[in-house]
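Chemist: Keeping their order, the protein sequence lines are chains A and B. Here the first sequence is numbered in the working numbering, starting from 803 and rising by one per residue. Here the second sequence is numbered in the working numbering, starting from 2 and rising by one per residue.
I should point out that these hints are in silico values taken from the structure, not numbers from a laboratory.
One-sided and incomplete, this derived list gives chain A residues near chain B with beta-carbon spacing under 10 Å:
1) 841
2) 849
3) 861
4) 873
5) 875
6) 898
7) 971
8) 1019
9) 1027
10) 1134
Just so it is clear, CB atoms sit at the ideal spot from N, CA and C, and this is done for glycine as well.
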Amino acid sequence: MLWTLGSIAGGLLLAACAPNATQDTLQPVGDVAKQQKALFVPVFWVAVAVFVIVQGGILYIAIRYRHRKGRDRMPKQTHGNTRLEIGWTIAPAVVLAVVTVPTVALIWDLARPAGEGALNITVEGYQWWWGFSYPDDDMVTDWDSPITIADTMVVPTGRQISLALESKGGGAQDANQDPDFQVIHSFWVPQLFGKQDVVPGRTNHIVFSVDEPGTYTGQCAEFCGLQHGRMKLEVRALEPADWEAWVENQKTLAPSPTDPLAQQGEELFLNPLSDGRGACIQCHAVGDQGATAAPNLSHFADPEHTCFAGCNWRTEDREALAAWLADPDAVKLGAKMPDYQLTDEEIDALVAYLYSLT
Amino acid sequence: MATVTVPETARGLLRRPTATTGAWSWLTTVDHKKIGIMYGVAAFVFFIVGGLEALLIRTQLYRPDGTLLNADQYNQVFTMHGITMIFLFVMPMSSALFNYLIPLMIGARDVAFPRLNAYSFWVFALGGLFLYSSPFLGGAPNGGWFGYAPNSTTDPSIGMTFYALGLIITGIASTAGAVNLAVTVVNMRAPGMSLFRMPPFVWMGLVVQFLLVFSLPIITVALFQLLFDRRWDTAFFDPTRGGDPILWQHLFWLFGHPEVYILILPAFGIFSEVLPVFSRKPLFGYRFLVIATILIGAYSFTVWAHHMFTTGAVALPFFSIATFIIAVPTGIKFFNWIGTMWGGRLIFPTPMLWAVGFLYLFLTGGLTGVILGSPPLDFHLHDTYYVVAHFHGVLVGGSVFALFAAIYFWFPKMTGRRLSEALGKLHFWSWLIGFTLTFFVQYQLGADGMMRRYADYPSEAGWTTLNMISTAGAFLLAFGTLPFLAAVVLALRRPADQPADPWEANSLEWATASPPPHHNFDSIPPIRSERPVFDARMAGTEVPGT
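One chain only, chain A, in its complex shape:
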């Protein structure tokens, strides 16, 4: 039974020295996550207190009333005690009532819609990556569509942000590929806010703000098929000045490449590949050209676009990008991007082109 006490102590020790986790709920950086932590901590300690009292009682009884040799006795046959039983019905009810009050208060707090001047972002869940578009009037690009990015969600600090969560799908249907299905995902960035499900046919909302500039990671939190574990994202929170600069850059087309290799890549990207292998632009978009079934690559090499393909690889990692283009299924089993049997020369050209899209 001493083990029990040891494990409690061990558990508390672990809780005290949380490892260097990038998705640690207990190190909040946004208002919502902070409110949630402020509720968690007292409720947690109430639970610990109940555990210590009850478990302590069990240990005490187990030791105090254990049978000892030579002390044979028949214990008193008590069948119950109504007063005691009513007492221990009321006691947990009171503790739970105490927990209920702040719980319900915070439910209503979190459900409050965003105020004036909030930044709206539509979060789109696909199999298996996240897309983000900015529907506000002042976020329209030179080619008249909302700023749209994938894998990293770029936000300003110190401003209320209102997310509308939508499940997308139904994209590429190459003969060898399974279509992209609309399924349930769940959007969660632990240091910023708790999760909400992304449900087909329904729009859920999260309203939050970020206090500090930085990178905050998240992952899909509802099982959504084969590569659920590889559906990641990063939130890039920028100081207002940096944010303005980022927005301006997103609104304009990336400059046309001047390097011949990149020009060759652009040619490959924007036109059907030889031998009827399909075209990148069938699913991806760059600027005013392309489709929405796959990540928008207008500013693929923008410094804030730190990761790609479900945020599983760093954008600066050229070799990872080349491997991804060579055989998506090999590096991310079941990926919906087809394997177009690209030659090494084609891959080099496409990589050069993508890195020109700053």
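Guided by the hints, dock chain B onto chain A, whose structure is given.
Modeler: Chain B alone, transformed into the frame defined by chain A:
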């Protein structure tokens, strides 16, 4: 008296099976005891399989970027682990105990419908084999044990079709068994055994059968809808054609929450038998505990949406408060067990150790569950390893610990042989420590943002150390099961030597030989309380069969 010869044709459609020994006697039996043992053995085989699947999961997650399984295999393994442990282990293992013990505990000759009982078992076995044929016939279910639509309806592999059909089949077995046992308890109690003189285990069993009868139709409807969506292109869960994916969740959890009590009430019943026997006291507040159980059973149909807080489709304050309220009757039971031990003369043979271990683990599982009942906290913890740790706390710490306690406790009754105390203690301590190592760190992993159902994780996430501890614990659980298997083998190699009542216990099953004869009882002692065998022992009368 003249001998009447009954013509062969007048004995009904099927001939009564008469073999009493050998394989044929097992295959044709309608004896509740043999059926109970077959349920138990089959369930335990599935437990071993589900346990090996758990080891695959834990081995895959031991290090970052695990390569033992790919994502496709991993999804199948964790889905089959969940389905196996819930539908093919805990539920049939409970059926095994109910089948074996309820007729004995109420002083009956058999269950009400012995042939239906055999039917239940064989349909369950068919369902289990059907589900496990899937890996060889195109792929195992891969959408998680709760198979959320539309992922489950659109997934291109055949697995979720096996899931729908397999669970419909095991549902038929459970429904037939539930009706049978409920009728047995209501109609076949020995003279003198009023409802409030039934052993608590029988009470828990009765409530479970009613929960099954009321909840299984709901999941059956949902499974048919899933099957139709997959196979015949209906659109129950497809929003692009007027369906709603949330409908699946409502139906699943409207079954799924009563299911939680279907899984745990047998455990409550087992401990309500074991704790009084080894405390040498009656169950404290027996009536209170029974009433609390009935309330939990009825109330369990009102809290389903606490599994759906993050969907944005349910009334959070209502289901949160409802969830907090259902914690109260569970708390009452807990205090009743502690009250039973208070002032007793406690001895700690293996079944009692499992009972005390249960109190410890179930307490942690229960308290962490209350935290999940608060939606703003659930927004973070939902679908993380915190939830994994929580429900393993109640299902392993509750149901599995109970089933082991039950096996150690009733093995002498079922076989006439006792399991080794030394091996039993080794088994218990490996499991208590193994469980703590495996699952307590997962609470922390959940708070650190690790979600369930990820086939791998990167080293930068900072989850490596805790995952290593968890995996080590899982292997301790696996190796800790070996002493148990050894104890069973060793016991069965010895001749039967156990008396009718080796533990000085309370209820009627101890008033007949170990193992009981085919007809169960030669005679039944008078029943004037929920502890007839205790009463008889105190009165100094010789207990029949002893």
